[in-house]
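Going down the list, the protein sequences come from chains C and H.
Letter by letter, the first sequence follows residues 139 to 206 of our numbering.
Letter by letter, the second sequence follows residues 1033 to 1544 of our numbering.
Hints are computed from structural coordinates only; laboratory data are not their basis.
Please note that the accuracy of each hint is not assured.
To be verified - Pairwise CB distance ranges, derived in the manner of DEER restraints:
{"no.": "1", "chain 1": "C", "residue 1": "Val173", "chain 2": "H", "residue 2": "Leu1047", "range": "35 to 45 Å"}
{"no.": "2", "chain 1": "C", "residue 1": "Gly176", "chain 2": "H", "residue 2": "Gln1411", "range": "33 to 43 Å"}
{"no.": "3", "chain 1": "C", "residue 1": "Ser155", "chain 2": "H", "residue 2": "Pro1261", "range": "24 to 34 Å"}
Stated by the list, open to error - 25 Å max Cα-Cα, derived SDA-like pairs, lysine to any residue:
{"no.": "4", "chain 1": "H", "residue 1": "Lys1248", "chain 2": "C", "residue 2": "Gly186"}
{"no.": "5", "chain 1": "H", "residue 1": "Lys1490", "chain 2": "H", "residue 2": "Trp1500"}
{"no.": "6", "chain 1": "H", "residue 1": "Lys1242", "chain 2": "C", "residue 2": "Phe180"}
{"no.": "7", "chain 1": "H", "residue 1": "Lys1407", "chain 2": "H", "residue 2": "Arg1057"}
{"no.": "8", "chain 1": "H", "residue 1": "Lys1302", "chain 2": "C", "residue 2": "Leu190"}
{"no.": "9", "chain 1": "H", "residue 1": "Lys1248", "chain 2": "H", "residue 2": "Leu1101"}
{"no.": "10", "chain 1": "H", "residue 1": "Lys1242", "chain 2": "C", "residue 2": "Val173"}
{"no.": "11", "chain 1": "H", "residue 1": "Lys1135", "chain 2": "C", "residue 2": "Gln205"}
{"no.": "12", "chain 1": "H", "residue 1": "Lys1407", "chain 2": "H", "residue 2": "Ala1056"}
{"no.": "13", "chain 1": "H", "residue 1": "Lys1248", "chain 2": "C", "residue 2": "Gln205"}
{"no.": "14", "chain 1": "H", "residue 1": "Lys1490", "chain 2": "H", "residue 2": "Ala1255"}
{"no.": "15", "chain 1": "H", "residue 1": "Lys1248", "chain 2": "C", "residue 2": "Tyr167"}
{"no.": "16", "chain 1": "H", "residue 1": "Lys1302", "chain 2": "C", "residue 2": "Ser155"}
{"no.": "17", "chain 1": "H", "residue 1": "Lys1135", "chain 2": "C", "residue 2": "Pro165"}
{"no.": "18", "chain 1": "H", "residue 1": "Lys1248", "chain 2": "C", "residue 2": "Phe180"}
{"no.": "19", "chain 1": "H", "residue 1": "Lys1302", "chain 2": "H", "residue 2": "Gln1059"}
{"no.": "20", "chain 1": "H", "residue 1": "Lys1135", "chain 2": "H", "residue 2": "Lys1490"}
{"no.": "21", "chain 1": "H", "residue 1": "Lys1135", "chain 2": "C", "residue 2": "Glu203"}
{"no.": "22", "chain 1": "H", "residue 1": "Lys1135", "chain 2": "H", "residue 2": "Leu1536"}
{"no.": "23", "chain 1": "H", "residue 1": "Lys1248", "chain 2": "C", "residue 2": "Ser155"}
{"no.": "24", "chain 1": "H", "residue 1": "Lys1135", "chain 2": "H", "residue 2": "Ala1056"}
Unchecked claim - Partial selection, computed: residues in chain C whose CB lies under 7 Å from chain H:
{"no.": "25", "residue": "Cys158"}
{"no.": "26", "residue": "Val164"}
{"no.": "27", "residue": "Thr171"}
{"no.": "28", "residue": "Leu174"}
{"no.": "29", "residue": "Phe175"}
{"no.": "30", "residue": "Gly176"}
{"no.": "31", "residue": "Ile185"}
{"no.": "32", "residue": "Gly186"}
{"no.": "33", "residue": "Trp187"}
{"no.": "34", "residue": "Val188"}
{"no.": "35", "residue": "Gly192"}
{"no.": "36", "residue": "Ile195"}
{"no.": "37", "residue": "Trp199"}
{"no.": "38", "residue": "Gln205"}
It should be emphasised that the depicted structure is a prediction, and the values quoted were computed from it without experimental measurement.
The C-beta atom is built at its ideal place from N, Cα and C for all residues, glycine as well.
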Amino acid sequence: MKRKSARLGFWGVLYLSIPCIAVLAVPLYNRATPVLFGIPFFYWWQIGWVPLSGFFIYLAWRRVERQG
Amino acid sequence: MHITATIVFVALFVLIAVLGFLSARWQRGDLGHLHEWGLGGRRFGSWITWFLIGGDLYTAYTFVAVPALVFGAGALGFFALPYTVLVYPVVFSVLPRLWLIAKRHNFITAADFVAARYDSPALALVITVTGIVATMPYIALQLVGVEVVIGGLGFPTHGIVGELPLIIAFVVLAAFTYTSGLRAPASIAVVKDLLVYVTVLALIIVVPWKLGGFGKIFAAIPAEHLYLPPIHSGNLGTQSFYLTLALGSALALMLYPHATTAVLSSQGPKTLRRNWIFLPAYSFVLGLIALLGYMAYAANLSSIPALAPYFHQYGPQFAMPGLLLRYFPDYFVGIGFAAVAIGALVPAAIMSIAAANLFTRNIYRAYIRPDCDAKRETQMAKLVSLVVKFGALLFILLLPTEFAIQLQLLGGILILQTLPAIVSGIYTRWFDPRALLIAWAVALGWAIWAASLTDFQKSGYALHCFGWIIPGYIGLYALALNFLFAIFITLLLRATGRHSSADLTDAAAYQE
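Here chain C stands alone, though its shape is the one from the complex (with noise of 0.2 Å):
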């Protein structure tokens, strides 16, 4: 584990870690309001997680990117 946290660095298991933690913060969202376009907070918060994880990946293939 050692050498790859190295790699990816502090920031780069953060940025990694934000998406998971969002969705696995199950009791936190397991809610209706607020609501959004007609769409409970459960719903729309786990599927907005989505494209955001993807900007999350991003910031990580970056530092990965710059290293090597």
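Keeping the supplied structure of chain C fixed, place chain H upon it in accordance with the hints.
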């Protein structure tokens, strides 16, 4: 019988069959080598890898089962979404390294890697067998998706006449995989995705418009269906199950042989990493597909006389095909159904190639014919890919569908138990192969026992811990047990100086 839909469906199917055979010539290589037939020469660039991994992970079964689960079970069925969000950050940090090591040693499978890394044929055999056992019912399940849409076209689904379309589809699939290898699903994946995107976009625009908007759709669903039940009196209920199921499935996904095959066939780590930025686009589509389950619910599809017999036969699995039949003209039904059927062929082809690679490399060459040359090895893999597919076909024709679903559920739990050997091996050679082997056996035994408590109907186990009841995914609990034993036994062996540290891989491969 829907004549127009059937004509469009058959036409698209013929198109991809032709494409499948032609792809043998594409990026031409010597198909007498296993890395050419079974990995496309490790030359797939960003675009093709994107389609290939997407086609691999988002299968026909997904299109049918995810809306079905949301339609039938509500919020719990939505676990597919956090699952696909978790997958890419996880694989991003793990799999590029496996690619580098595999390339250096010409490894075709994860078991190749384990065999060399730990110098342990026994551990590699266990990884191989687990991989094949987990893959077989997965291939069989792809056929369930095809069965549902063929039924939706109005064909009878019982008796020889009913099974005929399914058999033809599979013979075609088997033939082009045999001749073209991994190049076939890679090129077909492009067509498949175009069809899927067109279908899903049309559904997600037209159906809410006809039903009066998302607000109305969600208002029609009872609240206990829309959310996971609240935590009460120390019981985390489905909330902890939802979480562990998503996490466990994400980890299991990267261990499936077909995932390894798709990843190793790319040009390299740079291609892979760039891909994982954009692969969540598929997950977005998956989220939309999941919402189709609620649309089918709000539209009360199962009580419409024209569709009721289908729901009677296929249950919630008819949610997505039902929406197409209810709201779209016949020709578009053909396109949508073809998307599902072709969506079955792509992963089924990759899975059978992956299983064939495993058998050939890690059983045939390791145990039966160690001296076989590249040509013979590839010939064997091609034959095994046929055997695997016909095995899956017989599975579906002769046994109840229920059985395939249960086995696939168990398969996910089993494949997760190969994580300690494969993933930790990528980072460290600390673990002892015997410790990993024993830990695998213990975890496997516990997991099968835990699943047997529900007669293999459910993948959850209620853990009682410090007065809390924490229901969770069996696969993830077994994985924790697996790691505990692996660490403990390795420590024991190291303390007594009897551990093995033989490693046949090149240390430089880990430095990049």
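Tested hints:
A beta carbon spacing of about 43 Å between valine 173 (chain C) and leucine 1047 (chain H) agrees with the range 35 to 45 Å that was offered as a hint. Checked against the given bound of 33 to 43 Å, the beta carbons of glycine 176 (chain C) and glutamine 1411 (chain H), roughly 58 Å apart, lie outside it. A hinted range of 24 to 34 Å holds for the C-beta pair serine 155 (chain C) and proline 1261 (chain H), which are about 28 Å apart. With a CA separation close to 21 Å, the supplied pair lysine 1248 (chain H) and glycine 186 (chain C) stays within the 25 Å bound.
A C-alpha spacing of about 21 Å is found between lysine 1490 (chain H) and tryptophan 1500 (chain H), which places the hinted pair at or below 25 Å, so the restraint holds. About 24 Å separates the Cα atoms of lysine 1242 (chain H) and phenylalanine 180 (chain C), which keeps this hinted pair within 25 Å; it holds. For the hint pairing lysine 1407 (chain H) with arginine 1057 (chain H), the CA-to-CA distance comes to about 18 Å; that is within 25 Å, so the pair holds. In summary, the hint linking lysine 1302 (chain H) to leucine 190 (chain C) is supported, as the alpha carbons are separated by about 21 Å, within the 25 Å threshold.
Simply put, lysine 1248 (chain H) and leucine 1101 (chain H) have alpha-carbon atoms about 21 Å apart, close enough for the 25 Å limit, and the pair holds. Restraint check: the Cα-Cα separation between lysine 1242 (chain H) and valine 173 (chain C) comes to about 21 Å, which is no more than 25 Å; the hinted pair holds. At most 25 Å may separate the alpha-carbon atoms for a hinted pair to count; lysine 1135 (chain H) and glutamine 205 (chain C) meet this at roughly 21 Å. Only pairs whose Cα atoms come within 25 Å are accepted, and lysine 1407 (chain H) paired with alanine 1056 (chain H) is accepted, the gap being roughly 16 Å.
At roughly 50 Å between alpha-carbon atoms, lysine 1248 (chain H) and glutamine 205 (chain C) are farther apart than 25 Å, so this suggested pair is violated. Restraint check for lysine 1490 (chain H) and alanine 1255 (chain H): the C-alpha separation of about 23 Å stays at or below 25 Å, so the hint holds. At roughly 21 Å between alpha-carbon atoms, lysine 1248 (chain H) and tyrosine 167 (chain C) fall within 25 Å of each other, so this suggested pair holds. For a cut-off of 25 Å, the pair hint linking lysine 1302 (chain H) to serine 155 (chain C) stands: about 21 Å separates their Cα positions.
Using a Cα cut-off of 25 Å, the hinted pair lysine 1135 (chain H) and proline 165 (chain C) is violated, with the two alpha carbons roughly 43 Å apart. The hinted pair formed by lysine 1248 (chain H) and phenylalanine 180 (chain C) meets the criterion: a straight-line CA distance of about 16 Å does not exceed 25 Å. Simply put, lysine 1302 (chain H) and glutamine 1059 (chain H) have alpha-carbon atoms about 20 Å apart, close enough for the 25 Å limit, and the pair holds. For the hint pairing lysine 1135 (chain H) with lysine 1490 (chain H), the CA-to-CA distance comes to about 39 Å; that exceeds 25 Å, so the pair is violated.
Between lysine 1135 (chain H) and glutamate 203 (chain C), the direct Cα distance comes to roughly 20 Å. Compliance with the 25 Å bound is thereby established for this hinted pair. Taking the CA atoms of lysine 1135 (chain H) and leucine 1536 (chain H), the gap is about 15 Å. The hint holds against a cut of 25 Å. About 35 Å separates the Cα atoms of lysine 1248 (chain H) and serine 155 (chain C), which puts this hinted pair outside 25 Å; it is violated. For the hint pairing lysine 1135 (chain H) with alanine 1056 (chain H), the CA-to-CA distance comes to about 22 Å; that is within 25 Å, so the pair holds.
Hint status for cysteine 158 (chain C) relative to chain H: holds, with the closest Cβ pair at about 6 Å, below 7 Å. For valine 164 (chain C), the interface hint holds, since its Cβ comes within 7 Å of a Cβ in chain H; the closest pair sits about 5 Å apart. For the restraint placing threonine 171 (chain C) at the interface with chain H, the shortest Cβ-Cβ distance is roughly 11 Å, beyond the 7 Å limit, so the hint is violated. Here the hint on leucine 174 (chain C) is broken, as its CB sits about 9 Å from the closest CB of chain H, past 7 Å.
The beta carbon of phenylalanine 175 (chain C) comes within 6 Å of a beta carbon in chain H, closer than 7 Å, and the hint placing it at the interface holds. At about 3 Å, the closest approach between the beta carbon of glycine 176 (chain C) and any beta carbon in chain H falls short of 7 Å, and the interface hint on this residue holds. Proximity of isoleucine 185 (chain C) to chain H holds as hinted, the smallest CB-CB distance being about 4 Å (cut-off 7 Å). Hint on glycine 186 (chain C) is violated. Least Cβ distance to chain H is approximately 9 Å, over the 7 Å limit.
The interface hint given for tryptophan 187 (chain C) holds, since its Cβ lies 5 Å from the closest Cβ of chain H, which is under the 7 Å cut-off. Taking 7 Å as the C-beta cut-off, the interface hint given for valine 188 (chain C) holds, the closest approach to chain H being about 5 Å. Because the beta carbon of glycine 192 (chain C) sits about 4 Å from the nearest beta carbon in chain H, less than 7 Å, this interface hint is met. A hinted interface residue such as isoleucine 195 (chain C) counts as satisfied when its beta carbon comes closer than 7 Å to some beta carbon of chain H; here the least separation is about 5 Å, so the hint holds.
Satisfaction of the interface hint for tryptophan 199 (chain C) is found here, the shortest Cβ-Cβ separation to chain H being roughly 5 Å, below the 7 Å cut-off. At about 10 Å, the closest approach between the beta carbon of glutamine 205 (chain C) and any beta carbon in chain H exceeds 7 Å, and the interface hint on this residue is violated.
Of the numbered hints given earlier, the model fails hints 2, 13, 17, 20, 23, 27, 28, 32, 38; all others are met.
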